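Assemble the complex: chain A is given as a structure, and chains B, C, D, E and F must be docked to it using the hints.
Number of protein chains: 6
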Amino acid sequence: MRTNRVREIWNAGGNVVNGWLASSSSYSAEIMASLDFDSVGVDLQHGMIDFDQALPILQAISVQPATPLARIPWNDPVWIMKVLDAGALGLICPMVNTAAEAEHLVQAMRYPPHGFRSFASVRGPLYMGPDYAKNANDTVIAFAMIETRTALDNIAEIVSVEGLDAIYIGPSDLALGIGHPPAPDPTEREVLEAIEHVRRTAVDAGVVPCIHTAGGDHAKRCFEQGFRLCTIANDVSLMRKAATAEIALARK
Amino acid sequence: MRTNRVREIWNAGGNVVNGWLASSSSYSAEIMASLDFDSVGVDLQHGMIDFDQALPILQAISVQPATPLARIPWNDPVWIMKVLDAGALGLICPMVNTAAEAEHLVQAMRYPPHGFRSFASVRGPLYMGPDYAKNANDTVIAFAMIETRTALDNIAEIVSVEGLDAIYIGPSDLALGIGHPPAPDPTEREVLEAIEHVRRTAVDAGVVPCIHTAGGDHAKRCFEQGFRLCTIANDVSLMRKAATAEIALARK
Amino acid sequence: MRTNRVREIWNAGGNVVNGWLASSSSYSAEIMASLDFDSVGVDLQHGMIDFDQALPILQAISVQPATPLARIPWNDPVWIMKVLDAGALGLICPMVNTAAEAEHLVQAMRYPPHGFRSFASVRGPLYMGPDYAKNANDTVIAFAMIETRTALDNIAEIVSVEGLDAIYIGPSDLALGIGHPPAPDPTEREVLEAIEHVRRTAVDAGVVPCIHTAGGDHAKRCFEQGFRLCTIANDVSLMRKAATAEIALARK
Amino acid sequence: MRTNRVREIWNAGGNVVNGWLASSSSYSAEIMASLDFDSVGVDLQHGMIDFDQALPILQAISVQPATPLARIPWNDPVWIMKVLDAGALGLICPMVNTAAEAEHLVQAMRYPPHGFRSFASVRGPLYMGPDYAKNANDTVIAFAMIETRTALDNIAEIVSVEGLDAIYIGPSDLALGIGHPPAPDPTEREVLEAIEHVRRTAVDAGVVPCIHTAGGDHAKRCFEQGFRLCTIANDVSLMRKAATAEIALARK
Amino acid sequence: MRTNRVREIWNAGGNVVNGWLASSSSYSAEIMASLDFDSVGVDLQHGMIDFDQALPILQAISVQPATPLARIPWNDPVWIMKVLDAGALGLICPMVNTAAEAEHLVQAMRYPPHGFRSFASVRGPLYMGPDYAKNANDTVIAFAMIETRTALDNIAEIVSVEGLDAIYIGPSDLALGIGHPPAPDPTEREVLEAIEHVRRTAVDAGVVPCIHTAGGDHAKRCFEQGFRLCTIANDVSLMRKAATAEIALARK
Amino acid sequence: MRTNRVREIWNAGGNVVNGWLASSSSYSAEIMASLDFDSVGVDLQHGMIDFDQALPILQAISVQPATPLARIPWNDPVWIMKVLDAGALGLICPMVNTAAEAEHLVQAMRYPPHGFRSFASVRGPLYMGPDYAKNANDTVIAFAMIETRTALDNIAEIVSVEGLDAIYIGPSDLALGIGHPPAPDPTEREVLEAIEHVRRTAVDAGVVPCIHTAGGDHAKRCFEQGFRLCTIANDVSLMRKAATAEIALARK
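Protein chains in written order, with numbering that gives the first Met the number 0: chain A, 0 to 251; chain B, 0 to 251; chain C, 0 to 251; chain D, 0 to 251; chain E, 0 to 251; chain F, 0 to 251.
Calculated from the structure, these hints are not laboratory results.
Treat the hints with caution; some may be incorrect.
Identical chains share a label here; the pair holds if one copy fits it or two copies do between them.
Claimed, not checked - Keeping only pairs whose Cα atoms sit at most 30 Å apart, straight-line, the calculated DSS-like set for lysine-lysine is:
1) K240 x K133
2) K240 x K219
3) K251 x K240
A quick note: this is a predicted structure, and the numbers were derived from the prediction, not measured.
Same shape as in the complex, but just chain A (with noise of 0.2 Å):
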């Protein structure tokens, strides 16, 4: 049986650097999974990605060692059950802000006792082996996104819940949320203190603090910081910084 890259990483007490797609190509997929990430997220919230592109995205993923993930558009069973069927070791969930919401997160990602997700047989077996159903409680990763002031002001609430793994921190989002500017790679006082606080509330409750970057820079002070999943722009910010700046050489 395969097992979760991610979570043996964090087990291990290392850090994990992710990838992120936005783009719906099954090619590009499987060349980000093919490079040095841990794991690579496939974002069917901001990407311009569909389910039924989700899984040739997912399928390419595997080829390679990285571990697939994925960010579902909202907290809605039917993107969890699908994505997890279709083979995502982990979910990311958008604006979780309860923790009653982050329970409806983790209930619809467990088989019962500990959820309702619902039960077949489909791609976990393929992917990870035959005993997929009996593991896949523990082997598949929830993550709750802190991206609101109500998320701030429940996020002890939300790190206690039972099963919720770990957060994730979307910078942009949590800064617009608290009032100033959406920033990628926040400077305002205010912001680095949310975020400093939801990474240290988490900790404190053993979830595992992560947070998408605006880039490997980025990634490496919030790993110091003890972040230990970050998420490193994505495949088409990648293309069009790399453009840019090829195209300015031949210009030159």
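The following block gives chains B, C, D, E and F in isolation, referenced to the frame of chain A:
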């Protein structure tokens, strides 16, 4: 009526920086086309792209100012005519080894009496305006790829074919074709001489010399050498390059 | 006007053998629908199928005599209404645990004044004929899946909901829901008793009892028990079963 | 920065002729957008279109001057946010029956502090320009569909919701909702009075009245009545109408 | 066993009104096939349709009584055999200029010993019945398009090719091919004489004369002239025509 | 670097059990590849699969240990090169009737100096490792299908073509080609003798004999006869066979 910006730049004595798409996502295509490229080519030969995906990609490029080009997989009327119908304003054709093959390419791209392109009103008028049919023969650009020893031997005849607008060198294939390892930015003297020989022969015949490059720096050198259109890497290699750099920063 | 053959078979006292599709291919869908199934269900819950793929699948089933059904991923108006618009003549809805949920399902499936299905002329009239809108409320079949302990507790109220045509048991989920390992053809006494209790309660309320089975032999036993529609495995598990047997023969 | 032409026309006191897409083809979408429509709406509710097809359709509309709108299938944040991310400049939301539902729609469409739309840079800046995020709350248009008796009862409260820009009447659903047969161009007095009541209540509250019509003649009458945006049939019904007429000519 | 209705109509002395599809939507295909067309052709040459989209389109046509035909993009065995496998009952082949090309078309469409169509059981038996393979050579219809001066010169030889069932004139290409501007409903005397010459030569050889027309009125005149199958515009031009008319009414 | 398992098995003296895909679902492809097949072939000739669907299918096979092969629709460089780029490790080419055609196939599959395959870094290095380009000519397997009388006449010359690795018999086409009814598991003496003649001629020339079979039992007999790769039915015929059997059980 919209015009073909590549022709305009050439007519004004300028050089064209061309982007390249190997992934089938119309979203990343639109992003590429929004950058400072003069044109963007859809690679239907080595890209993981099929005709049905080329249509939305060409539409996505059309939202932005860059001129839509395409590399077809072979000198084949099916692909030539379908991709022109879908709105490409220039076709780069691989493996043109003889004057007869160049003539076939040119004729398949032109309406009678200059060729045998089949007539229909498809995306041309939608994108270019109602005069598309009248002007198409003078608008769409025919690029012949020179990438084998046979093509080298026949280069003078090839560039003499009436209606051939440009030649396009694929350095890796050309290197391989004359007995050297494939190299996107070749350094072998024989390969460099072959490239320059093709370029000069084209220029002498009034045919525009174009080349596939390994990146902005290589493109700059090629422009200085006298090439008038340089393709810069492709969407997924740019993504890979930037991702590799950011991962290294994160892991430092 | 075409009729809903499943209703006709039931009205004539017969039993329905239902096929099941987990793969997104409209080609294999048409093959399944060409066999001796009375109906074929598109599994949008655990199948690797999205809405855009459901349309050609439902069209492909419509070429053949089998009646098109679908399992929606959740009791969600988006899916209920889009899949009915696409031509499904019955919807199997997972996780119906209360009478309120059953009422929601039924109402979302019926045009006013019997519900709140939004009105439009889409595939219904194309497939069924011009009277579709007038007859749709009496034509499309509402199936509520009974698969949790809560649903068991509420079964009498659920089957009393006006307009609910059928209940549908998922044995694996039901087993898991009441504390047993998932089993497509259960043998645990408590599970078997729960199944029979649901069946009998449904029958007593005039609601048709239906069940997902592990294969033809299991289906035969369920028909003998009094179930009126049995789903037989699915397209990919049938393929897997036959492939495994043929490989064994080849390797003997 | 591009502007939302529908808002501009309204601000200038003009009326909007809106096209409507029920087919998933980005080619026919571009053709529709090239005609003399001011805006073109992608019907994700009753059209046979899914999110992954909406992206190339919205891109195709963006090639042409018409403003891209969309009807979402339900008042659901998944659809609201994904379709706005894909570049729609206005969302028509079905079945808005209460002020609370109208508020939910509006809030899901606005970035904080005016709502809870999740922040990301996707097609907005590509299509509209770099200021998209700053201006999005004032740019995208929120249309609430009024189509049930409950909505009629609550119309005054609904149109008082801050940030609701427009109401949109679906005559067939409204007729059905108040006890009459569905009619795209209704003649029943009660239906006509309900429509006029909704229109006037909206106008009085400073909300723009819009309506789905059966064709150009119906639209003309609605403009005369004071409606400011009229949708004209849809792509496939126009096709069907013209095809039926041409077949009749051919068979004469 | 189902029959090829186009052959039946011809055998009964009747004329065939043929619809035409340029858009890739299987939904609009089914609508077109539900109208009073005798047959509907999938335009894989100038339509924005690829093979993978042709399958669901052909399935969608098969739901309705109209006979499925297709225009292939070239006289190419790949397209000929794949499209026949997908269930087309007739192929219209562009640019047949010589008897040898007509023979190639015919042979690629027939199983040995009458040709070299590769054998397999695909959609033929699903759609037509178990006898498909035995009858296919006599069922599927081979149409050669006559649209160049060369073809005109060779028309007598072309229509003498055994197994060629029909010729199909594309007036715009034929006009262009003999030195006139493209015109869907030509009025130039030389073009009209060429069309009549082709028609009569075909009839004299027992080959059915067919033509692409600009609409119902043009078709009616062509039927009166002796053509036996007339294609009427296409899906998107019908849509465009009706939309333009309705917009004008709305804006009056 | 990964290796081509089919070559390894052959080198070790073993036989290859090959699966076959006619449906375009990457999900059923991954299931097939997870079974005890040594290799799985994507049937782009008679399968209802196009190039854009072949990419995710080849990726899905790559998740599992089976080696990805493909049957191309014709001896056409477009298909040969695109499918190799997409990661197939062997190509089965239909209708190879002469040594010249076999040479064309082989050359289109090999990089210079052994052929004219166009060079690019696509899925080869992703799937096989960084040495792909260097080893590709020795890795990918060229299979020529022998299925006509002409091919029978030329078999000795065909199998003498340098670089041809294997021949592949399609019994139905071969039977039809020599005047017998198509039969997947032929019993006619002339057909059996032709098959054995081809097999022996191939073996004598050091070319591996392969065959399409009707199932496991037929494959077993072919292995005993000396064939070294047997394809077993296909995904949809396996599905059909099992479905038919289960329906019969259910209806008993």
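Quick rundown of the hints versus the structure:
1. K240 x K133: Between copies only: 22 Å across chains, 43 Å inside a chain, cut-off 30 Å.
2. K240 x K219: Both: 19 Å inside a copy, 19 Å across copies.
3. K251 x K240: Result: close both inside a copy and across copies, 17 Å intra and 20 Å inter.
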